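Chain B: place on chain A using the hints.
Read top to bottom, the protein sequences are chains A and B.
The first sequence begins at 106 in our numbering and counts up by one.
The second sequence begins at 797 in our numbering and counts up by one.
Incorrect hints may appear among the rest.
[To be verified] Far from chain A, some chain B residues (derived; all Cβ distances over 12 Å):
(1) G817
(2) A822
(3) S874
(4) A910
(5) R914
(6) S918
(7) T1011
(8) A1045
(9) D1107
(10) E1115
(11) S1155
(12) Y1171
(13) E1173
(14) N1210
(15) A1249
(16) D1282
[To be verified] Covered stretches of chain A (chain B as the covering partner; in silico rule of three or more C-beta atoms under 8 Å from a C-beta of chain B):
(17) 107-120
(18) 154-163
[What the hints assert, rightly or not] Far from chain A, by Cβ distances over 12 Å, these chain B residues were calculated:
(19) E861
(20) G883
(21) G993
(22) P1061
(23) K1120
(24) L1161
(25) A1170
(26) D1209
(27) E1225
(28) S1261
It should be emphasised that the hints constitute simulated quantities derived from the structure, not laboratory data.
Computed from a predicted structure; not experimentally measured.
Built from N, CA and C at the ideal position, the CB exists for glycine as well.
Okay, here's what each chain looks like letter by letter:
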Amino acid sequence: MTLFIIRRLAALVPVLLGVTLLVFAMLWLAPGDPVLALLGESAQGISRAALEELRRAHGFDRGPVIQYLDYLGGLVRGDLGTSVRSGQPVMQEVLGRFPATLLLAGSAMFVASVLGLTLGVLAAVFRRTVVDHVAVLIALLGVSVPVFWSGLLLMLLFALDLGWLPASGYGTWKHLVLPASAVGFSSAAFIARITRASMIETLRQDYVRTATAKGLGPGAVRLRHALRNALLPVVTVVGLQFGGLLGGAVLTETVFAWPGIGRMLVDAIATRDLPLVQGSVLFIAVLFIIVNLAVDVSYAVLNPKVRYD
Amino acid sequence: MKRTAVAILVMLLATLALAQGRLTTAISSNPPTLDPQKTFNGYSFAITNQVYETLFRVTPAGEIEGLLAASWEFVDPSTLRITLRDGITFTDGTPLDAAAVKASLERLLDPATAAPGRFVVSAIDSVEVVDATTVDILTGEPFAPLLAHLAHPVAAIVPVAHGDDLARDPVGSGPFTFVSWEQSNQLLLKANADYWGGVPAIEEVLYRIIPEVSTQVIELRSGGLDIIFNIPPDAFEALEAATSVDTTAYLGWGSTMLGMNTVNPKLQDLRVRQALAHAIDKSLIIEEFLRGLAEPGVVPIPPTVRFAASDLEEPYPYEPETAKALLAEAGATGLKLTLDIYQNPDLEAVAQVLQFMLSEVGVDLTIRVQEYAAYVEQTAKDDIELYLTSWGTVTLDADYTLYAFFHSSEIPDNNVSRYRVAAIDALLEEARDNPADSTRAAAYRDVQELVLADVPMVTLYYPLSTIAKSPVLQGEIVRFSWINLDLRNATLAR
Chain A
106 MTLFIIRRLA ALVPVLLGVT LLVFAMLWLA PGDPVLALLG ESAQGISRAA LEELRRAHGF
166 DRGPVIQYLD YLGGLVRGDL GTSVRSGQPV MQEVLGRFPA TLLLAGSAMF VASVLGLTLG
226 VLAAVFRRTV VDHVAVLIAL LGVSVPVFWS GLLLMLLFAL DLGWLPASGY GTWKHLVLPA
286 SAVGFSSAAF IARITRASMI ETLRQDYVRT ATAKGLGPGA VRLRHALRNA LLPVVTVVGL
346 QFGGLLGGAV LTETVFAWPG IGRMLVDAIA TRDLPLVQGS VLFIAVLFII VNLAVDVSYA
406 VLNPKVRYD
Chain B
797 MKRTAVAILV MLLATLALAQ GRLTTAISSN PPTLDPQKTF NGYSFAITNQ VYETLFRVTP
857 AGEIEGLLAA SWEFVDPSTL RITLRDGITF TDGTPLDAAA VKASLERLLD PATAAPGRFV
917 VSAIDSVEVV DATTVDILTG EPFAPLLAHL AHPVAAIVPV AHGDDLARDP VGSGPFTFVS
977 WEQSNQLLLK ANADYWGGVP AIEEVLYRII PEVSTQVIEL RSGGLDIIFN IPPDAFEALE
1037 AATSVDTTAY LGWGSTMLGM NTVNPKLQDL RVRQALAHAI DKSLIIEEFL RGLAEPGVVP
1097 IPPTVRFAAS DLEEPYPYEP ETAKALLAEA GATGLKLTLD IYQNPDLEAV AQVLQFMLSE
1157 VGVDLTIRVQ EYAAYVEQTA KDDIELYLTS WGTVTLDADY TLYAFFHSSE IPDNNVSRYR
1217 VAAIDALLEE ARDNPADSTR AAAYRDVQEL VLADVPMVTL YYPLSTIAKS PVLQGEIVRF
1277 SWINLDLRNA TLAR
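Next up, chain A with everything else stripped away, as it sits in the complex:
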């Protein structure tokens, strides 16, 4: 097991190298000048000579290979560089946004898991009844309704009409409720569908029939025997969703003014802030890989048949 984890962590190096190369190439190949992108429309009236000087000051006048190698050199020394736009260290910018991202992802996954598992199990157990249809409908809504719409509806209801919760922002648990519910709802839909399918499959197994034949009550059979075995594919989905959310929920962060990584990354791309884009993507990639590793390890815990050595 330890060897397995070490091997997987070692595989991070080529993956991350590939990520830096890809991000660099994409930003470099995109049309337009990075200094102009950085200044934006507001830079009307600037002369080409002044632009040239800014390009030199930011090192954009050097060839792409030199810029890339320079970046890698810094990376090896543990230096993610400084954001072109804010002049602040990239590490500081990324870590500054991470608590908000982690909080939203964690609580959204909590909402999603509770809701998704409940709906999925209910739908499977009461298969082809009204309960199943309602649960599937809710799941379908969750997948189909975009968060920028459901988010605004939640705000209109709970902030404007009822006045129970603040519409947007970050700070107290009250600020967390609406965005966590909005994200959680859409993730719950996936979890519910996988749980339902997996649960239906498991309920057909011989050992479930055996357990019932032994005289165990329906609750014990379904929760202790069937659900635990049905969880494996669910864990994969939860892990992937969580990993995705750690990369920032851009739309939710935008609608609810949540200060997470997603918004920062999109702003950085729009202004061609290469070091900040590189740093954020690297950070997100590392998190994603670690979450995936944790999912793999959890298989061994959930299913004694899985061994990694």
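Structure of chain B alone, referenced to chain A:
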């Protein structure tokens, strides 16, 4: 026991009083930095304009007044002598004197600072201290619009000793001082208790960073915000109807123009350019697509800008038949043109309306939309035909726009129309050489008349900016842009 209770009560009342004195507003994006010399970003300037001060500022009436400057005179056409207000200090206690002004402007001009806004003050050659409160600003060539350029937010006077710390911990001499900043979440300022112009009545200003306009509107209506800016037309219409919200639409420094490359063989003939002008129904664009949130444009600068010849009448009213006749006369029937624009929802909508209007007079228009940086590269190419741009005369002085668009030395950087007329060059230079307002006004009037006759561009409209606020906020002044929110005399009546 009693004493504790009283203390708690006093504390409670104090918090309450503080809460009443706090103005909460929203900006759509996290400011990249709070060092005004290291950015050219409106979200940064919205904050830095409260914390720092410039030597001059433009009044709501469009006149230039001294801010840090008590008095000034042009000793000769290229030397501006400024006497500073006496006894002003930065909030760290260091004096804001002639030496501080020199150091601040030199930092802005130093290429090592990599100041994106350096071009605004690039006319300055050197800054010399005359005595403790007198400073000379020397421009190599005479530069009459200098005062307006020194009123730009990038020219704010900063205490250079703080260096890079100004980005996250700004120190200035303005009416508000910096308290705290949670990145991408919120930023708090408090009234400067030692402000030379009198302590503001509003005790705190909280800027919440809310990217989505719909969210800002809900926050305003549910009491989470007191004032919001730049509301898009449909949301603005809904807010106009809402009770308990005051709405204002005002003319800023912007203009939206359709430019024409005057040396392109297809557009060289004046009659073709006049025909295109006659084919455009400006009021239709404004009413149907901007919901009335604009004024029809004639000269390239809006009436808010100094020396705008706003009394000049539209020489090319909407007359499709005249347009067709002119095109036929010029032998330009079946004309095919390409319009270059950059990604911007308003411009894209306007481009489509133009496409339709021009098709009505037999001109086939292709629209090419690119992101801004790519668009700028396109404008540098000589085969460009038509371009659409929304421009801001941010110094509120005619020179900023007229010189950039029509002086031959600005080809192809800003003079994308490649418009080269010796008489106009001479007039624009004369206006730079003579600080006297009367001389400048006459020269700029002539330029605007000549440009109207020659049609290197058609000014489509001057967009209106919007504000929605709670009625509790009174006495605030927005000078031409949400960036210049003046809260020095504002009050909150909760």
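Item to complete: Would you pick out the hints that fail for this structure and give their numbers low to high?
Response: 2, 4, 5, 6, 7, 12, 13, 14, 17, 25 and 26
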